[in-house]
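Enquirer: Top to bottom, those sequences are chains A and B.
The numbering of the first sequence is this note's numbering, which starts it at 1 and goes up by one.
The numbering of the second sequence is this note's numbering, which starts it at 1 and goes up by one.
Read the hints as simulated data drawn from the structure, not as lab findings.
Be aware that one or more of the hints could be misleading.
[Claimed, not checked] In the SDA-like style, the derived pairs of lysine to any residue whose C-alpha atoms are separated by at most 25 Å in a straight line are: (1) Lys438(B) with Ser11(A); (2) Lys171(A) with Leu444(B); (3) Lys194(B) with Lys119(A); (4) Lys183(B) with Pro163(A); (5) Lys119(A) with Ile43(B); (6) Lys194(B) with Pro163(A); (7) Lys171(A) with Asn456(B); (8) Lys4(A) with Ser416(B); (9) Lys171(A) with Trp28(B); (10) Lys171(A) with Leu446(B); (11) Lys201(A) with Tyr218(B); (12) Lys171(A) with Ser406(B); (13) Lys171(A) with Leu150(B); (14) Lys181(B) with Thr2(A); (15) Lys146(A) with Leu197(B); (16) Lys4(A) with Thr187(B); (17) Lys6(A) with Glu190(B); (18) Lys6(A) with Ile435(B); (19) Lys4(A) with Phe186(B); (20) Lys194(B) with Leu8(A); (21) Lys4(A) with Leu417(B); (22) Lys118(A) with Thr187(B).
[What the hints assert, rightly or not] Here chain B is said to cover these stretches of chain A; the calculated rule only asks that three of the stretch's residues, wherever they fall, bring their Cβ under 8 Å from a Cβ of chain B: (23) 16 to 22; (24) 149 to 163.
Predicted model, so just to flag it, every value in this text is computed and none were measured.
Ideal Cβ placement from N, Cα and C applies to all residues, glycine included.
Listed below are the residues making up each chain.
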Amino acid sequence: MTLKNKILSFSVFVIMIFLTHFFTLNLLKTTNYGNLGNWNEIIKGERSDDYIFLGSSRTTQHINNDYIKNNFGLESYNLGIDGGMFDLHLEKLKIYLKYNSKPTNIVIGLDSEAFQTKKGIHNIHQFVHICNQESLLNTIQSYDSKFFLVKYIPLYGLTYFDPLQTLSLIKHSVVPNDNNVYKNGFNPVYASFNEEFERFKIINPNGINFKVDNNLIKKLESIIKLSLKNEIKVFLVFSPSYSEVQNYINNRTEIINIYESLSQKYDIPFLDFSDSYISQNKKYFYNSQHLNYTGAKEFTRILMTQLTNKKR
Amino acid sequence: MLFNSFEFLVFFAIIFVSFYSLSHKFRWLLLLLASCFFYMYFIPEYILILFFTILITYYSAILIEKSTIKKQRKQILIISILLNISILSYFKYFNFLNNNLSTFLEFFSVENRIPLLEIILPVGLSFFIFQSISYSIEVYRGTLPVERHLGYYSLYVMFFPQLVAGPIERPQNILPQLKKKSKFSFTNLESGLKLILLGLFKKVVVADQLSFFVDNVYASQLNQSPEQIFVAAILFSFQIYCDFSGYSDMAIGLAKTMGIDLMTNFKQPYFSYSLTHFWQRWHISLSSWFKDYLYIPLGGNRESRFKTYRNIFIIFAVSGLWHGSSWTFVIWGLIHGFVVTIERIFKYNPKNKNFFIRSIGVFITFFILTIAWVFFRSSNIDQAFNFLFLLKNISTEKIITLLSNSEVFYNFILVSLLIIVDFFDTKINLNNLNIVSKTLFYTLVLIFILIMGSFNNNSFIYFQF
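Extracted from the complex, chain A is given alone in its bound form:
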């Protein structure tokens, strides 16, 4: 092979890689698809909300933000991260505050397993196009030490995407579909109660213990402190979980006590919906921990009624 051909060949390779890289990055940064769109909307910096909601999938799927606007006349945004923990929630809050107007209220969604450290990050692909957010990157690095390479190696970020998600994203960019968009961050699930809980009971007849990582308690405290520092009113909310599952979480009282003590320490309201009528009825859930669309609407109604009453 002549030197000319070697240079030509190498140039074709580099150009193709970089072209694909920039095209992909542009697609990711402009899409309104799923949780990618959620991040893009926050970074766009046009939000001015009365309420923001922070939490895991029990927030993304439980808080119907359109319902809040239509029935309470309030602007709100759902910052929930599916499978996320307080360290990631803190980063999302920081990014929200960096780009948008300060909200009036923040509702922090709570979980029984919120203090249990996970081995990895669920849906890590959602962070690929925002890896230039240093503080967020550091948090992700603590779970995946190689993630920083996304920043430096073209197309490396693609390896974090699930092929079916990629296909769906490409399809959405060609033929946009409203079902793929988290409206104001809300990700409804239209399903009835599935078999997961029955399987869980077979595997764990004596229930389970969720470990408590003190570092994650500190992260929750950081969220509270950051919000209070910004003069944002803070609410701690434990949304409904199916009543029967509560008996299978052996250290549930310990976890609830942590939330109560934080509520007292920072003098912020703690609203626990564990015993609400929603928790007693399977029709509101699609699994033991998550509300379906009907449940989310009902829960949003009673939550916002209480929050607006409390404010008054």
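Chain B: place on chain A using the hints.
Expert: Below, chain B alone, put in the same frame as chain A:
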């Protein structure tokens, strides 16, 4: 370290550059150290097993060559093989044998007091043990001069591209190549990269994607519909092919970039029109190993018909056990043995028949293979029989409904793509393309793999063997 990981990419880039930067006399050392590092990346202390195997076969081969007494040569060979088999048995078959002993003793209401061992199987154990044994046998047969350079011999056993999942190489093929001075060649690099890309495609685009559905069905034995089992059985046939042949392709490709030709391990096996034909195209390095070192020494097909059939059954039962210490693997092997014997009895060979007859042969062969794979994949015999029993309730209508599920549909698109790639693999000749078009083509394939691949660091199925 997995071929489909970022760590391996960095590792190989360093080795590749160092390989061609170093003078020939140091290359064996580089490759040997790289192979040690590669193996120690899994469980570091298990390198000692590898060293032990190497030392046994290295010194026994020297003793075999030195000895002029035939009986003594044979005794050394047997000791060498037995020591290797003992290592294999201890790590792979101890608990299996112990469990079976317990079941047997329970029959007489006697308690088995031998405790089960908590051991992790060393990665690639069956592969390097077989490769070591083949060296001892070849030296014993006098078809190969003994290798006195411990470094080169160690590298023959440990050469990292094929160390943990083959191809199971022969010393005649590898040792001379390791010693030959090789110059950097773009042709080798291109051929190697082509195979690496093909292997990556099979592994991360096809096998790992199919594994989501298959693993889910096999993991939860409850609530699986006959249609899901049917689809999972078909998909597993392709998953295991892509997983294993993908590894082989990458191994052969990696070696090729360094100027070393490893043996072909797969030749489009699902286009086989009989099981006999299949075994000429599937895991060729293992089937030829069994043929050369077990089937032929047992008498092969030179003696009576009965002995030939017996030999076939022995080969396939041992082949089953080679794959894993479970009765499911033995049954898998025996199904193959049974069908190959039937084909032999009826002299079934549609090779010279028309396309239609051969196509029916391909279809029937795939059906039998898929049934046998159910045993291979199941965690126990009960699960395999339950799954096969449930298949009688299958409904075509529900299959169509299942196929309309986007995940299943996508999986079958991938299978179709694989069949196309496999079919055209040997027919496509890119040599006529100019260098720019070739680079463009390979870059697009790479981008496609990056976009459509699952990079979850999924291990290779055959690592467990």
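Enquirer: Does each hint hold? Answer for all of them.
Expert: Status of each hint after checking the structure:
1. As the CA atoms of lysine 438(B) and serine 11(A) are separated by approximately 13 Å, the hinted pair is consistent with the 25 Å bound.
2. Restraint check: the Cα-Cα separation between lysine 171(A) and leucine 444(B) comes to about 20 Å, which is no more than 25 Å; the hinted pair holds.
3. Annotation: proposed proximity of lysine 194(B) to lysine 119(A) is violated, straight-line Cα distance about 35 Å (limit 25 Å).
4. A hinted pair counts as satisfied when its Cα atoms are at most 25 Å apart, and lysine 183(B) with proline 163(A) does not qualify at roughly 39 Å.
5. Only pairs whose Cα atoms come within 25 Å are accepted, and lysine 119(A) paired with isoleucine 43(B) is accepted, the gap being roughly 21 Å.
6. Proximity of lysine 194(B) to proline 163(A) is assessed by CA-CA distance (about 22 Å); at most 25 Å being required, the pair is judged to hold.
7. Distance hint between lysine 171(A) and asparagine 456(B) is fulfilled; the C-alpha atoms sit about 23 Å from each other, no more than 25 Å.
8. Restraint check for lysine 4(A) and serine 416(B): the C-alpha separation of about 39 Å exceeds 25 Å, so the hint is violated.
9. At most 25 Å may separate the alpha-carbon atoms for a hinted pair to count; lysine 171(A) and tryptophan 28(B) exceed this at roughly 50 Å.
10. Only pairs whose Cα atoms come within 25 Å are accepted, and lysine 171(A) paired with leucine 446(B) is accepted, the gap being roughly 21 Å.
11. With a C-alpha separation of about 20 Å, the suggested pairing of lysine 201(A) with tyrosine 218(B) holds against the 25 Å cut-off.
12. Proximity of lysine 171(A) to serine 406(B) is assessed by CA-CA distance (about 13 Å); at most 25 Å being required, the pair is judged to hold.
13. A distance of roughly 57 Å separates the Cα atoms of lysine 171(A) and leucine 150(B); the hinted pair therefore is violated under the 25 Å criterion.
14. Among the hinted pairs, lysine 181(B) with threonine 2(A) is consistent with the structure: their alpha-carbon atoms are about 23 Å apart, no more than 25 Å.
15. At roughly 23 Å between alpha-carbon atoms, lysine 146(A) and leucine 197(B) fall within 25 Å of each other, so this suggested pair holds.
16. Restraint check: the Cα-Cα separation between lysine 4(A) and threonine 187(B) comes to about 17 Å, which is no more than 25 Å; the hinted pair holds.
17. Distance restraint check for lysine 6(A) and glutamate 190(B): the Cα-Cα separation of roughly 13 Å lies within the 25 Å cut-off, and the hinted pair is therefore satisfied.
18. Distance restraint check for lysine 6(A) and isoleucine 435(B): the Cα-Cα separation of roughly 8 Å lies within the 25 Å cut-off, and the hinted pair is therefore satisfied.
19. With a C-alpha separation of about 14 Å, the suggested pair lysine 4(A) and phenylalanine 186(B) falls inside the 25 Å cut-off, and the hint holds.
20. Our distance criterion of 25 Å between C-alpha atoms is met by lysine 194(B) and leucine 8(A), whose separation comes to about 19 Å.
21. Simply put, lysine 4(A) and leucine 417(B) have alpha-carbon atoms about 35 Å apart, too far for the 25 Å limit, and the pair is violated.
22. The hinted pair formed by lysine 118(A) and threonine 187(B) fails the criterion: a straight-line CA distance of about 47 Å is larger than 25 Å.
23. Coverage of the segment 16 to 22 of chain A by chain B holds in this model, with 3 residues showing a Cβ closer than 8 Å to a Cβ of that chain against a need of three.
24. For the segment 149 to 163 of chain A, the stated coverage by chain B is satisfied: 9 residues place a CB nearer than 8 Å to a CB of that chain, which reaches the threshold of 3.
The structure fails to meet hints 3, 4, 8, 9, 13, 21 and 22 from the earlier list, while all remaining hints are met.
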